[in-house]
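*Asks:* Numbering (numbering that gives the first Met the number 0), first residue to last: 0 to 130.
Quick caveat, the hints were computed from the structure, so don't treat them as lab data. Each residue gets a CB set at the ideal place from its N, CA and C atoms; glycine is no exception. Possibly wrong hints are sitting among the right ones.
Pairwise CB distance ranges (calculated) [stated by the list, open to error]:
1. 114 x 77: 16 to 26 Å
2. 109 x 73: 24 to 34 Å
3. 76 x 105: 31 to 41 Å
4. 28 x 90: 52 to 62 Å
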Amino acid sequence: MRSTSSAEVPANARGDPESGAVTVEAAIAVCALVFVLGLVLAGFAAVSGQLRCTDAASEAARLIARGQRPLAERAVAEIAPPGAVLTTSGEAGGIRVDVRATPLGGMLPVDLHGTAYAVLEPGEGGGRASG
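My request is simple: use the sequences and hints to build the entire structure.
*Replies:* Structure, rendered in structure tokens:
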């Protein structure tokens, strides 16, 4: 008959309550790191989208003030995040442009928007409000 010492028996066979604890702690730590990385990337996406909306609104206001609304709509489609909506409103001698979008296809609970104002060029009637 062969006798076995405790060194030859695997830890989990001895009923050690600490066996596997390091594996569980590592799995939890990896999940937490992935979650934090996801939050950081979502934040960067939101900030980038906000800047793109502001740039698109600025460019659209300049183009609409010059009487080139089709080019303004094209600029918003190219500059702003996908699905951005352009709205304009006429004000005394100028035009206010608002560009709104939802970041990451609506996966974040924030609304991105950029607003710009431009003075109408002489002879341009681009101040009409439209949606």
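*Asks:* Confirm or reject each hint.
*Replies:* Results of checking the hints against the structure:
no. : hint                 : in the structure
1   : 114 x 77: 16 to 26 Å : holds (19 Å)
2   : 109 x 73: 24 to 34 Å : holds (26 Å)
3   : 76 x 105: 31 to 41 Å : violated (18 Å)
4   : 28 x 90: 52 to 62 Å  : holds (55 Å)
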